[in-house]
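Spelled out, the chains give:
Number of protein chains: 2
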Amino acid sequence: MEHYLSQKQGLVSKALGKYLPSASVFPPLIHRAMRYSVLNGGKRLRAVLALMAGELLGAPNSKVMPYACAMEMVHAYSLIHDDLPAMDNDDFRRGKPTSHKVFGEGMAILAGDALLTYAFQLIADKIQDKSIVAKLVGELSKAAGSVGMVGGQVLDILSAGLPVNRSTGRQLREIHLRKTGAMIIASCRGGAIIAGASGRQLAAITSYARNFGLAFQIVDDILDVNGSKKQLGKTPGKDAKLNKLTYPALKGLKASQEEAEYLIKQANKSLALFGKKADKLKELSDYLLTRNT
Amino acid sequence: MEHYLSQKQGLVSKALGKYLPSASVFPPLIHRAMRYSVLNGGKRLRAVLALMAGELLGAPNSKVMPYACAMEMVHAYSLIHDDLPAMDNDDFRRGKPTSHKVFGEGMAILAGDALLTYAFQLIADKIQDKSIVAKLVGELSKAAGSVGMVGGQVLDILSAGLPVNRSTGRQLREIHLRKTGAMIIASCRGGAIIAGASGRQLAAITSYARNFGLAFQIVDDILDVNGSKKQLGKTPGKDAKLNKLTYPALKGLKASQEEAEYLIKQANKSLALFGKKADKLKELSDYLLTRNT
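For the protein sequence lines, the chains are A and B, in the order given.
For the numbering used here, count along the first sequence from 1 and bump the result up by 2.
For the numbering used here, count along the second sequence from 1 and bump the result up by 2.
Quick caveat, the hints were computed from the structure, so don't treat them as lab data.
Certain hints may be false.
[To be verified] Below, in silico cross-link-like pairs of lysine to aspartate or glutamate (DMTMM-like), each with a Cα-Cα straight-line distance of 20 Å or less:
| hint | chain 1 | residue 1 | chain 2 | residue 2 |
| --- | --- | --- | --- | --- |
| 1 | A | Lys132 | B | Asp131 |
| 2 | B | Lys144 | A | Asp127 |
| 3 | A | Lys282 | A | Glu57 |
| 4 | B | Lys137 | A | Asp127 |
| 5 | A | Lys137 | B | Asp131 |
| 6 | B | Lys103 | B | Asp93 |
| 7 | B | Lys267 | B | Asp281 |
| 8 | B | Lys282 | B | Glu57 |
| 9 | A | Lys103 | B | Glu107 |
| 10 | A | Lys271 | A | Glu260 |
| 11 | A | Lys246 | B | Glu107 |
| 12 | B | Lys246 | A | Glu107 |
| 13 | B | Lys103 | A | Glu107 |
| 14 | A | Lys137 | B | Asp127 |
| 15 | A | Lys267 | A | Glu285 |
| 16 | A | Lys282 | A | Glu263 |
| 17 | A | Lys144 | B | Asp127 |
| 18 | B | Lys132 | A | Asp131 |
| 19 | B | Lys132 | A | Asp127 |
| 20 | B | Lys137 | A | Asp131 |
| 21 | A | Lys132 | B | Asp127 |
| 22 | A | Lys284 | A | Glu263 |
[Said to hold, decoys possible] Stretches of chain B that chain A covers, calculated by requiring three or more beta carbons in the stretch to come under 8 Å of a beta carbon on chain A:
| hint | segment |
| --- | --- |
| 23 | 86-93 |
| 24 | 112-122 |
| 25 | 125-137 |
| 26 | 145-156 |
[To be verified] Derived CB-CB ranges, DEER-like:
| hint | chain 1 | residue 1 | chain 2 | residue 2 | range |
| --- | --- | --- | --- | --- | --- |
| 27 | B | Tyr264 | A | Lys128 | 35 to 41 Å |
| 28 | A | Asp131 | B | Val166 | 48 to 54 Å |
| 29 | A | Pro62 | B | Glu260 | 54 to 60 Å |
| 30 | A | Val104 | B | Asn228 | 36 to 42 Å |
| 31 | A | Lys128 | B | Arg175 | 30 to 36 Å |
| 32 | B | Lys45 | A | Ala205 | 42 to 48 Å |
| 33 | B | Asp93 | A | Leu291 | 48 to 54 Å |
Don't be surprised by glycine CBs; every beta carbon is placed ideally from N, CA and C.
Produce the complete structure using the sequences and hints provided.
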């Protein structure tokens, strides 16, 4: 899996570098800021999921790549804005100073805005089959918007300092489903839509992505407790410091790990109808449980 | 013209209220913040231009309305972010406290993000003819993005404190063309595209919009010097206080007014090929020169 992943990550990073406006395009400062936050060696999980969902149904990577890169740009924008002083106030991301630390707050806000906007441009301009552009823009906008990722960030901010009990447990699931889950679901669905998935196939992939996304966020929370700054590339222990609702805070580390394992099993079960063709996606979710960055 | 405008503004405001997620949709706080900044009695200039460009070529308002409302949402998002403490730090907008004053900085950033995202959703979901969605998303994303409106805001920030000379005069034109011009052009072009404009028609409308947009921004700069807080609904004299590059600062009030008049003449000339049908658009640009809010 590691070899497969690093090969895909390489493809995605190359495509991102090609699609993003060059740092010499006027006005250069905003394009430098856009490239700084996207081209920083991230895991490219959302893009890779889009490519894999496409592969599952026979679409070549090249056909899915503009959509896959759009997902990474939206992810990068969300991190820039989340890291701002008015939000999580983080100075480091993936081992490098965050955008507002390098370019200033105003420019970081604008770089995020520009990346979000550019993601839609990429889909409109570079997806060959124009007849599915409306569908893909619909997937991305719902996943990224006020009932999706932005909504999750709103809930996350509001959850700081809430007491830890069963009701906040439900709320935490809501936060995760929106904040991380929605974009992971849209990544998988977009790749499948480009590949011409049937309704039944799309439902199966959506179920995989939903369970995968929740497991991913739980593992992320665990790493925030257990990881080192070097492994994470960002400051660990931030969640606790910000008094944030997390799985480990709510259920403890062991129960959180078990929950993640259960969700991965559910994710993999969803793919039954694809038979052996789904092995790579199953391998990926199993691999998720062992990640330490 | 005033009656025509207020009728169109009413149609647009009603449609915006209908399209925006209701304030009870979960999470309610973000939807309240989105509605607060959009439904505040703005001039709806961008939406009206889209409707009028559509009318010029025979498209009913209903067909253009989702796109027209998308332009207003992007405009509202840009004002929320421009008003933030990290940018222009404005406490009032259209006579009401700005978003970050009411909802806090973090929530204001997210409300802007959500409105930008929702604009694309509206186009993807509500434009009936799916075959032109890619084109419309392309128009909006280029106009709003790093080489358009966001790029203009970047240049605007960088221009603060620059010396006033011929070179900064060129730069000011660049700022205006991007910061306001690009979205005004995209409003007119989008309406025309929905109405099925030919290449020649689209070029004429683009030329009208380009000149109109520049004139509009010059008048805006003049009002910032001449207007009262009550007329403007925002704090006047902000540009001078922020040491911003403006037409009046560069050329004086009289020459600025003359420049705006010249541009409006050019705008109206561009519409020659439409004959009498273009009278309303010409009336609108003449009306612009008399505005005091």
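Worksheet item: So which of those numbered hints doesn't the model satisfy?
Response: Nothing - there is no hint that the structure violates, so all of them hold.
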